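Construct the entire structure; sequences and hints are all you get.
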Amino acid sequence: FSFEIIDNGEMAVERWQAVSPRLILMDVSMPVLNGYEATRRIRSIEAGTGNHVPILAVTAHAATEDEERALACGMDDFVRKPLFPDYILNKINAMIGGVE
149 FSFEIIDNGE MAVERWQAVS PRLILMDVSM PVLNGYEATR RIRSIEAGTG NHVPILAVTA
209 HAATEDEERA LACGMDDFVR KPLFPDYILN KINAMIGGVE
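Just so you know, we're using my numbering here: the sequence shown kicks off at 149 and counts up by one.
Hints in this document: simulated from the structure, not taken from any laboratory.
Please read these numbers as outputs of a predicted model, since none were measured by experiment.
Quick reminder that beta carbons are idealized off the backbone N, C-alpha and C, glycines included.
It cannot be assumed that every hint is accurate.
Said to hold, decoys possible - Simulated restraints, written as ranges between beta carbons of each label pair:
(1) Gly196 / Tyr235: 32 to 42 Å
(2) Asn199 / Glu152: 13 to 23 Å
(3) Ala220 / Ile193: 10 to 20 Å
(4) Pro230 / Ala195: 15 to 25 Å
(5) Gly245 / Pro179: 30 to 40 Å
(6) Phe232 / Gly198: 32 to 42 Å
Next comes the structure, spelled out in structure tokens:
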């Protein structure tokens with residue numbers, strides 16, 4: 149698989165529209181537009197289309213409230229930093245399957 153690193157939430161929404169990725173790893177703490185708001189925008193644009201890109205929240209915050217907030221805004225799952233390769237690949241496989 150391939151990936152892109154995007155600098156802020158506004159750019160993440162724009163890039164999602166341009167390339168239609170199979171999955172988004174969305175850091176919740178980004179400049180310009182945070183990951184929660186970027187996810188809300190994506191879900192709003194998807195509404196009524198039948199499309200749903202899986203969004204995996206990424207954060208350094210450990211509180212249960214952060215996980216609840218991520219899921220409430222439309223993110224599909226939640227991981228805490230630091231990210232470990234096997235763990236994140238297992239999460240990705242569970243969401244879209246077939247990643248090696």
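- Violations among the numbered hints: 4
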